[in-house]
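Engineer: Sequence:
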Amino acid sequence: MSAAKPEVKNWKEYNHKRKELRKQRKEEKLAKKIKKAELEKEAENEEQEYREESNAKYERRDICTISIAVPGSILDNAQSPELRTYLAGQIARAACIYKVDEIVVFDDKGEITEDEKRKVKKDDVLGEARPGCLQLARILQYLECPQYLRKYFFPIHKDLQYAGVLNPLDAPHHLRREDEFLYREGIVTNKPIKTGRGSQVNVGLLNEIHVDKILMAGLRVTVKIPADQSNRKKIKGIIVPPNVPRAETGTYWGYNVKLANNLTEVLTNCQYKGGYDLTIGTSDKGTSIDEIKAKSLEYHHCLIVFGGLTGLEAAIDVDPHLNVDDPSLVFDKYINMCPQQGSRTIRTEEAILLTLAELRTKLVAKKILEI
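The numbering of the sequence shown is UniProt numbering, which starts it at 1 and goes up by one.
Hint data in this document are derived by calculation from the structure and do not stem from the laboratory. Bear in mind the structure is a predicted one, so any value in this text is a computation, not a measurement. Be careful, since some hints might not be right.
[Said to hold, decoys possible] Using 27 Å as the maximum straight-line C-alpha spacing, the simulated DSSO-like pairs for lysine-lysine come out as follows: (1) K23 - K12; (2) K151 - K258; (3) K191 - K233; (4) K32 - K12; (5) K33 - K191; (6) K194 - K33; (7) K333 - K366.
Please work from the sequences and hints to get the whole structure.
Structural biologist: Pasting the structure below:
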């Protein structure tokens, strides 16, 4: 509280009191600035801590994951913007149906030439890549995001012009307002709250959730909402890393999307500790899936790589870091998922559904003894 206006008897005393009052107000103002800076610093630290926990540093050893890698060039073969969008939607649906944890969109066209540089786009979130890669990644992210959060994370963009015609994923974390579940996805709001008392998060309910951490506004977070809060005016929640819902309840919680400049980056730049312990390449030149015994492919973190219009062989040829004549040497398994196919070609979006269906009986998660 600022000091009250002083009662004075003469001008000399009055001027002295005014100087003291101005000094006191400056000190109070400075104290408020320092306090605000401390809170902002605390929020940054909390946000950094949350992001670190969200990465592989917070890894449950008992969780096995499946990742798929898809070339962004498949959108270039679509004949219209509507078809490009629908193709991306098919990939998202397939990934959700078979509980894929990560989708890597990679560039299978080789290094960017001087003539192509003007066509390369840069995104503040996804980074720099060819238009097809960026659009595919953006649509995949858009569909994975719960509907009530999309307006905050996805402003109007040309790549999402026809996203409204896509079939929804209807994933477990796409909760409706009336749905009850222990966890929810949310966004940190900028609504004022008492100093040092945490943050408010919009999780798709009528009112915001009061959480324990001070976080920067605009951050997407996963919130645990303990039960038995029906009598409370304000519901309280706990910020947790996004892999906790699956770890604690076994519920599929969506997929992550990232970009890769080439096939080598797909194989080596893994977010999981220890990397991928099973890599599978798909090609009509590979070993027949019929020769793979049931439950014979053990994995902790599995990566399945798909080729584009010209196949995986072409992606390997243009990769500056790979110098191999036999593509099967790049992967642990090189498999033909549809022997004796009736069509000359199998489209990538068809191959994803086909492959994930075939591998259901072949893959088996490793039993982790140490948790």
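Engineer: Honestly, which of those hints from before does the structure not fit?
Structural biologist: 4
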